[in-house]
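Student: Next come the chains, spelled out residue by residue.
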Amino acid sequence: MSVILQVSSLVKRFGALTAVNDVSFSIRQGSCFGLLGPNGAGKTTTIEMMEGIKTPDSGTILYRGEALGQQFRNEAGIMFQTTALQEFITVREIMVQFSRFYPDTYGIDELAERYALGEFLNQDTRKLSGGQKQRLLLAMALINKPKIMFLDEPTTGLDPQSRRNLWKQVQQVKEEGATILLTTHYMEEAYELCDEIAIMDHGRIIAHDAPDALLAAHFDDVVLQIQAADIPREIGEREFQAIYRNDSAHIVTGDVNETIEHLLRFDIPLDHLRIRARNLEDLFLELTGKELRG
Amino acid sequence: MWNRIYALFVARNLEFIRDRSSLAWSVLLPILIIFVFAYAFTEENPEKFKVGIIAGGTLEGAAAEFENTRFVKFIEFDEVEASLLKVERHQIDLLFDPNTNRYWINQTSPNGYIVERLLIAAYADSGEALLQILVEGDEIRYVDWVIPGVIGMNIMWGALFGIGYVIVRYRKFGVLKRLRATPVTAIEFLTAQILSRLWLLIAVNVVIFVAMDFVVDFRMHGSYLNLFLVFTLGSINLICCGLVVAARVSSEEVANGVLNLFSWPMMFLSGVWFSLEGAHPLMQKFALILPLTHVTQAARQIMIDGDGLPQISDHLLVLGLSSAILLIIGARIFQWE
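Residue numbers (our numbering), protein chains in the order written: chain A, 1 to 294; chain B, 1 to 337.
Just so you know, the hints here were simulated from the structure itself, not pulled from any lab data.
Be aware that a few hints might be false.
[Unchecked claim] Dumping the calculated BS3-like pairs for lysine-lysine here, alpha-carbon to alpha-carbon at most 27 angstroms: (1) B/Lys177 <-> A/Lys133; (2) A/Lys127 <-> A/Lys147; (3) A/Lys145 <-> B/Lys177.
[To be verified] The following residues of chain A were derived to be distant from chain B, with all beta-carbon distances above 12 angstroms: (4) Ala216; (5) Asp255; (6) Ile275.
[Unchecked claim] Which stretches of chain A does chain B cover? Using the computed rule of at least three CB atoms under 8 angstroms from a CB of chain B, they are: (7) 73-82; (8) 239-245.
Computed from a predicted structure; not experimentally measured.
Each residue gets a CB set at the ideal place from its N, CA and C atoms; glycine is no exception.
The shape of chain A in the complex, shown without the other chains:
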């Protein structure tokens, strides 16, 4: 697959703070690229430079081999983390307005049907619920039949069902051939949607590959999860180097049999034992030392 967007040596400073520090990567046409990182890692600054919203202090961004220009504006679909809409106008009117900005667009009714906007198409934009607004923002980002889409934390604040629905819609867009750049706080979302992910921390990319390849490269062990109440903290931390999170104790091991025997020697009940493979959340924690949603 050819490269659609190429980012080289991107730097952005805000006063003394270097928010993005020498970031380089490329996005293949038709892929979904995930940018992950804790709050303040520089994800949104990076994506906004790629969208042409912010100007980098140095570095280059090339879309189809050229600097961002009119072709990029016509072909990019953008959904910000938060967007205010003009007031006193209806969903249909704002869709009509945006469709006039572009040379080639979907019909309003077609988008309304696809993203279930029909029930509130003639409603004032101020009266939309969170889920309705996200669907509208996604439809607005798609109105110009984009070749590349930027989704900055598109499901933050949505209930699980709305989130799953949005994933389906993003997957559908991807199947239709659009390239997607996504930032998210949800590892499950990144794993579900992304072909490639880059993890950012302190303005730099600290890991970059396909999700499974990253997990394989960093882990050859599994996690035993036991209810925290079943294993006293002093034993857990001393004998098993367990990490206590919420009401669970997490024990990382490369030899499950031996660890279980060890647990039995301390009469630890295993009724609620769960064994799971390492996931992106673990990888993130290991690389950044931070909880993703922290």
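On the provided structure of chain A, position chain B as indicated by the hints.
Tutor: For chain B alone, kept in the frame of chain A given last:
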């Protein structure tokens, strides 16, 4: 390009028209002001007695005594011909030339009669003869005089706050950011905002003008087309002022402060409510840099004096040139975020 401008223009118009409270204020406020002034001041002019004095050296004797009369404002004029119109229109109560002892009064002016008595009294013991010359002309009611300024003032509020606040609010809440992510350019966005505000200002003020004419039947001696040109150019100029203020600010509080800083001096120093004749020369010079001064003076010249384009060309030139400069500055310094 025009398709995008049209889309933004339509959206902004819908926002304005559906925002009932701001629409109501735009129409009702100037009507209320005109009613208040029409009924409060038509019977009683708030100005003191005003006497025009033709310049010609230091006043001595009876002339000096007359000039020392309390509660009479003396305004110096260079020549008789240009000042006579003011006597005809009751803008000054008497014109006196101490060099020739001639004076001009309008027989229909009650104030003129009183000031004439004062003049004659001052010269009673001097032995010098005074020569009375009568002039004719209708009184300009205060409401006739104030209406051009009130419409100009309404345009000023609508232009400065209408465009300034909207752009700052758009920027603050991220509407501009979302528009920036489309093919819309800064010039297209600003053009749409200017056009939308311009036609709304014109529409609202035409309604106010017609309604006020129906109720007050004010003086209109000039061309409606010329008046339309003055108010349109004035609107563009004041919109561009709002544009410059809103070009970078993202806080409504700061915008409010700066817009007030622009608008309040114009309210009081542009000659909307009271004539600037007799004001300190520095203040008169300062008034000339305020666009509302040119709008008000040009509109008054058309409505009251029936002047045509040649007589108001200096005002049009100032408004046109400064609009172009402000527009270029506004577009240059405009920031989406």
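Student: What hint numbers does the structure not satisfy?
Tutor: Those not satisfied are hints 2, 8.
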